[in-house]
Amino acid sequence: MNSLVIILIAMAVLVAGYVFYGRWLAKKWGIDEKAKTPAFTHEDGEDFVPSSKFTVFSHQFSSIAGAGPVTGPILASVFGWVPVLLWLLIGGLFFGAVQDFGALYASVKNEGKSMGMIIEKYIGKTGRKLFMLFCWLFTLLVIAAFTDMVAGTFVGTGLEDAGVAYANGSAASISMLFILVAVIFGLIQKKVGKMNEWVKAVVAIGLLVVMFAVGMKLPIYASKTTWIYIIMAYLFLASVMPMWLLMQPRDYMTTFMLLGMIIGAVLGVVVAHPDMELNAFNGFQVGNSSLFPTLFVTIACGAVSGFHSLVSSGTSSKTISNEKDMPMVGYGAMIVESLLGVVALVVVGAVAVNGTKPDGTPFSIFSSGVAGFLEKMGVPVTVATVFMTMCVSALALTSLDSVARIGRMSFQELFLGDTTDTAKMTPMQKVLTNKYFATVITLFFGYLLTLGGYNNVWPLFGSANQLLAALVLIALAVFLKTTGRTGWTLYVPMGMMLVVTFTALIQKTIALVKNVAAGQATFLVDGLQLIVAVLLMVLGVMVAYSCIRKLFGAGKNSEKEAA
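Heads up: take any position in the sequence shown, counting from 1, add 26, and you land on the numbering used here.
Derived by calculation from the structure, the hints in this document are not laboratory data.
Be careful, since some hints might not be right.
Said to hold, decoys possible - Subject to a maximum C-alpha distance of 30 Å in a straight line, what follows is the list of computed DSBU-like cross-link-like pairs (lysine-lysine):
#, residue 1, residue 2
1, 151, 450
2, 216, 79
3, 62, 216
4, 155, 456
5, 79, 60
6, 62, 151
7, 217, 62
8, 147, 54
9, 79, 461
10, 79, 350
11, 461, 155
Said to hold, decoys possible - Pairwise CB distance ranges, derived in the manner of DEER restraints:
#, residue 1, residue 2, range
12, 311, 379, 13 to 23 Å
13, 27, 250, 36 to 46 Å
14, 213, 240, 13 to 23 Å
15, 151, 564, 14 to 24 Å
Every residue, glycine too, gets a C-beta built ideally from N, C-alpha and C.
Produce the entire structure from the sequences given, and follow the hints as far as they go.
Dropping the structure here:
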């Protein structure tokens, strides 16, 4: 099939889903445009910051659109393009977008509380503790997988190819400039006050052009290990600095870059309109992998991702200025991410060899594929390659800084008692809930898992990610039932994700046990992953049991204080 037809069908389905299903959910749950949001009622200049609709959308989209929607569909393409496309569309509309919007909605209706705090309110303190521990372990996997990917992208995968080395060095230079420029942009906004959205957009795009030009002229070369240390240092800053100073301005500018990448890729498909060289379907068993559950946990973020709920309830909910912005931010950002997943699928389909995906990392396949499309539009190949390398690294970096911050917050919440007043805490509590200590601990264990490389961590990340989505969907169903809202639409997604993820985690655990038993394992790779996998399964069962018992136990609660 022609790739252009696939893109057009996907766009039509996703837009229709947003217009009809997304708005239907918003109507059923209830949007109060006159209600004061947590961004105003708890404004503190750090986490709670009232922001424009596009600013919040840009943070949400750039945070959730990490490596997943590119890496997942490309890796899953070994099963053929048809099953991947179907899951991207069905999963995106009825699973992922519903979860993202639901988590944002529940948090805004509950004073900007995280999913953990929401679980405590509607399910109990034990459920919250278990959930926060699960979330923290999950963030370690994300930090490990994405840090390894970004460091590998910066250093290049074939330094004998001067073009590849130059593109990666330039992307690294631009990414470092991005941090400095984001802080400057944040300070300008703080000093000037509320900017006109068009002026703000022009300034952001202008800064991107300058960064791109400087990065092209001054590439930075360093080893992968050095880049890992540099990325960890950046994550420390992103975890402790105020949202308005680094993350929000960085995410705002990144969104223009990523939207430009998607538009460029789609226009490239229109101009080149290549046929899908990838087989439509390769069967239910490919090599040692079966379509179920491998396809679902591999595609991950492009269809549904538990991580998104942490962004929705952890950061975005604290910056929403009006409840009417929630459908666009929660549901809409996920729809755009699913489209990015379809673009990645079309790219790998266009460059497939003998009906299967070509060799190389997902990032290199995607970068070179889209660069090829852009070249056919008249864009110089060097510029196109640097632009694409910069974009794919930005995809992962923007998720990395968000997940590091969320990991820090999860660790802090894990040790909170009945009060957030430091004067009433024990000395040990004060240490464990200190944001600097929590950040260091989170990044340290994330670094240890990084030593295993993303190829080893990704399957475990995918399974944990989908299990987190299942747990969040159950918790949201409890919230909706308790507050008298429509929640039956979440039952099928949560049931399916529980079956998929526990199957995948059991398979991964068995594989790790076999490696350990055969004496082919090292503690910092297989051993550490085995411990995390077992902990995730145990915690997942305990949280799921607590939520399901609450959901199907007591009848509808009369309390509607969150309405």
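Hints and how they fare:
| no. | hint | in the structure |
| --- | --- | --- |
| 1 | 151 x 450 | 19 Å, holds |
| 2 | 216 x 79 | 17 Å, holds |
| 3 | 62 x 216 | 22 Å, holds |
| 4 | 155 x 456 | 18 Å, holds |
| 5 | 79 x 60 | 16 Å, holds |
| 6 | 62 x 151 | 27 Å, holds |
| 7 | 217 x 62 | 25 Å, holds |
| 8 | 147 x 54 | 22 Å, holds |
| 9 | 79 x 461 | 28 Å, holds |
| 10 | 79 x 350 | 9 Å, holds |
| 11 | 461 x 155 | 18 Å, holds |
| 12 | 311 x 379: 13 to 23 Å | 21 Å, holds |
| 13 | 27 x 250: 36 to 46 Å | 39 Å, holds |
| 14 | 213 x 240: 13 to 23 Å | 19 Å, holds |
| 15 | 151 x 564: 14 to 24 Å | 18 Å, holds |
Going through the hint list in order, the structure satisfies each hint without exception.
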